[in-house]
Amino acid sequence: MTYLGEWAIRFDLAVVSAGMLAGLYGIWKRSEFFLEAQRRALVLSAALIATATISLVWAFFAHDFSIRYVASYSSRQLPLGYCLTALWAGQEGSQLFWLFVLSVYSSAYLWVHRADRGDLPYHSTGLVLLGVQHFFLSIVNFASDPFVRLWPVPPDGNGLNPLLQHPAMAIHPPMLYTGFVGMTIPFACAMGALIVGRLDEGWIKKCRVWTIFSWTILAIGILLGGRWAYDELGWGGYWAWDPVENASLIPWLTATAFLHSVMIQERRGMLKIWNMTLILLTFLLTIFGTYMTRSGVVASVHSFARQPVLGGMFLAFIVSVAALGAGLIGWRYRALRSENRIESYLSREAVFLFNNVVLLGLAFAILFGTMFPTVYEMVKGSRISVGPAFFNKVTIPLFLILLVLTGVGPTISWRKATASHLIRNFSLPIAAALVTIGIFEFWGIRGLKAPAGIGCIVFVLSCLILEFARDSRARSASTGEGALAALGSLIGKNRRRYGGYIVHAGFAITALGIVVSSGYQIQQEIRLSPGQSARVDRFDLRFLGLTEGRLPNAEFVQATLDVVSGGVPLGRIVTEKRLYEKTEQPHTETGLISRLGYDFYVVLAAWTESGEVTLQVYVNPMVTWVWLGGGVLVMGAIICLWPPIGKHK
Amino acid sequence: MDVDSSERRPRGGIRIGIWIILAVGVIGYLVVTSISDFQLPYVSAADLPGASGRFVRVAGKVAMGGVELDGPGDISVTFALIDEQGDTVRVEYRGVRPDAFREGAQAVVEGTFDPSSRQFNAVLLQAKCPSKYEVGVATATQKS
Chain F
233 MTYLGEWAIR
243 FDLAVVSAGM
253 LAGLYGIWKR
263 SEFFLEAQRR
273 ALVLSAALIA
283 TATISLVWAF
293 FAHDFSIRYV
303 ASYSSRQLPL
313 GYCLTALWAG
323 QEGSQLFWLF
333 VLSVYSSAYL
343 WVHRADRGDL
353 PYHSTGLVLL
363 GVQHFFLSIV
373 NFASDPFVRL
383 WPVPPDGNGL
393 NPLLQHPAMA
403 IHPPMLYTGF
413 VGMTIPFACA
423 MGALIVGRLD
433 EGWIKKCRVW
443 TIFSWTILAI
453 GILLGGRWAY
463 DELGWGGYWA
473 WDPVENASLI
483 PWLTATAFLH
493 SVMIQERRGM
503 LKIWNMTLIL
513 LTFLLTIFGT
523 YMTRSGVVAS
533 VHSFARQPVL
543 GGMFLAFIVS
553 VAALGAGLIG
563 WRYRALRSEN
573 RIESYLSREA
583 VFLFNNVVLL
593 GLAFAILFGT
603 MFPTVYEMVK
613 GSRISVGPAF
623 FNKVTIPLFL
633 ILLVLTGVGP
643 TISWRKATAS
653 HLIRNFSLPI
663 AAALVTIGIF
673 EFWGIRGLKA
683 PAGIGCIVFV
693 LSCLILEFAR
703 DSRARSASTG
713 EGALAALGSL
723 IGKNRRRYGG
733 YIVHAGFAIT
743 ALGIVVSSGY
753 QIQQEIRLSP
763 GQSARVDRFD
773 LRFLGLTEGR
783 LPNAEFVQAT
793 LDVVSGGVPL
803 GRIVTEKRLY
813 EKTEQPHTET
823 GLISRLGYDF
833 YVVLAAWTES
843 GEVTLQVYVN
853 PMVTWVWLGG
863 GVLVMGAIIC
873 LWPPIGKHK
Chain H
27 MDVDSSERRP
37 RGGIRIGIWI
47 ILAVGVIGYL
57 VVTSISDFQL
67 PYVSAADLPG
77 ASGRFVRVAG
87 KVAMGGVELD
97 GPGDISVTFA
107 LIDEQGDTVR
117 VEYRGVRPDA
127 FREGAQAVVE
137 GTFDPSSRQF
147 NAVLLQAKCP
157 SKYEVGVATA
167 TQKS
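Chains as they are written, first to last, in the numbering used here: chain F, 233 to 881; chain H, 27 to 170.
These aren't lab readings, by the way, just hints derived from the structure by calculation. Bear in mind the structure is a predicted one, so any value in this text is a computation, not a measurement. None of the hints are false.
When the alpha-carbon atoms are kept at most 30 Å apart in a straight line, the in silico DSSO-like pairs for lysine-lysine are as follows:
# : chain 1 : residue 1 : chain 2 : residue 2
1 : H       : K154      : F       : K612
2 : F       : K725      : F       : K437
3 : H       : K87       : F       : K612
4 : F       : K625      : H       : K154
For reference, chain F alone in the conformation it holds in the complex (with noise of 0.2 Å):
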């Protein structure tokens, strides 16, 4: 069966070769025969690399420890879940699984326009999917092989890492897959349209609806992977700076900036060469950051093994990316050029620009603190590093700006707005953002930033509640149907207008999440005997005792408390401390009881033989509000992504 998967990779190099020169010839004859070649080609690699990906985790099932990969990872007590997790948790399958998914984003391509079939563009977006397919090939078979044989084969294997034996590590490396991989088709979609030169309204529609189906994933991602960092890391909270995050972030920002000027593009024919670099970059940015995150080049909590070869093979087809990108950028520059003009600082093209600046700004800053270190190593030889207080610093007031604009943008008129219609829709939030920062300080709350990014938030909320109630209003005077009917065959109408504003809403609760439970944290460290009471906040807990035992492949200590709020019991915590046979390493089970105002959030530190413990309590207020958002935001972008009724073929 393994021998099986082997084999499908190292023939599959051969098709995907030959697809691409089939599609090559094919385009530049306009020959339909080898066009139906290439797109041939395209659908049996898929169908080679699933065979390859199914061969591995058949190998984690069957606990074939003849294969390096699977005794690397996996061992004979390791849960049948994780035995399919188990194909990430290391470089080489997680290359494999890459290669899985692009190749299931490529098959779906074919199949979702396969009414396009007779058209250029469709052949010509398959061969830039099979020219990234071919990379990721190479890689698997010449630099980070997944089926290289171990021999004698060991009787058992080395277990997987207990960090990543958590629920959320089955679902958050595939979504921030499927979202990284996902940005391949809108920038094939756009270097196809170049190739062949036609560049009308047909690749946008096509780019647009891929990269909000990617964004939503990576954004799902990203939040998944800050739930697993708040659940399994013990540190009291969700986002720490580091480089693997970071990783995902930059192309997820860049990706709004295009999701956001693409439409400037559709409505006004301007930024064409602005869309086509965005999505050169965003793809550019999910391969660089792979490349730094898999080639050891950035150190990370995350990092994987210095891998020179792996690095080269990464840099030198980042590079070539780029330059053929420009370079078919350069020679449709002319087919490329603004239909239009911008009329007023006060349009929503602007504000759009100006977003886009921020946004990029934003990418650039993370990029750059990232890379800092790295770069300020190999030019002065000393190492340095850039802590989190940089990202903070330097990101928060940029992130306030675009918090601001992703109220006013839904709400300003394209073109140009009138100072009438200004007073109209922006008076009213203004008010509330100020008195909501009034009554902050009223109150003598601490702090000035927190206050602000609140004020910020209610502001957004306010602009997006307004729009809602005035267009449902003005609806439900025109149809006579009820205030909630009209709301929704609103939203019905015109999905895509008000999916976004969805999406903004859900943005603004993620931010309050952020903005609430970063700014009035409370930590405490307390030291309690059995029976012993102490007071954290406005919370009382009350440690019950230690307990220890056993699983079936960890010993574990376990501390009980039980909460109480004001006389109210709010339940009972447990945190608990593991120690994982195969590697001995402790690992940390955080106590969480979890309410819409606040988390409270027990890691127990340390005990004694006669059963004291030394716990490190924290009160994180709203933070679910964090991941509430992020279901607002998904909502709104399945509201956008669901197709028009009635055009179903």
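Position chain H against the provided structure of chain F, taking the given hints into account.
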């Protein structure tokens, strides 16, 4: 207001390009210049006395047999850190130890060096199991 002035302009456009370049320049300048306030140098154990009082980072390996806990149930820890050149420094850290911290693990500490006690007072301790992801193949083969 800008609205009015742009209305009077003959081609009805505004010079947004200049503003964008300006904004990009400002953001870029702020980012690049502010990094020097936040960069933290890595210092080797031998150079620490020269950097006493300054906030620095030291990277190395936790020495075997050098880990002392302040007392049972307490979370303070003192240990010897061997840096990449092989020099050793005593580190004291108060706070919750990361799970990966143990003898032989790779560790990074952040804090200040106290020349009088010849001890490094760490406010941040990061640890990484030496074989965190790339679980050594050698160990797998040896087992057989």
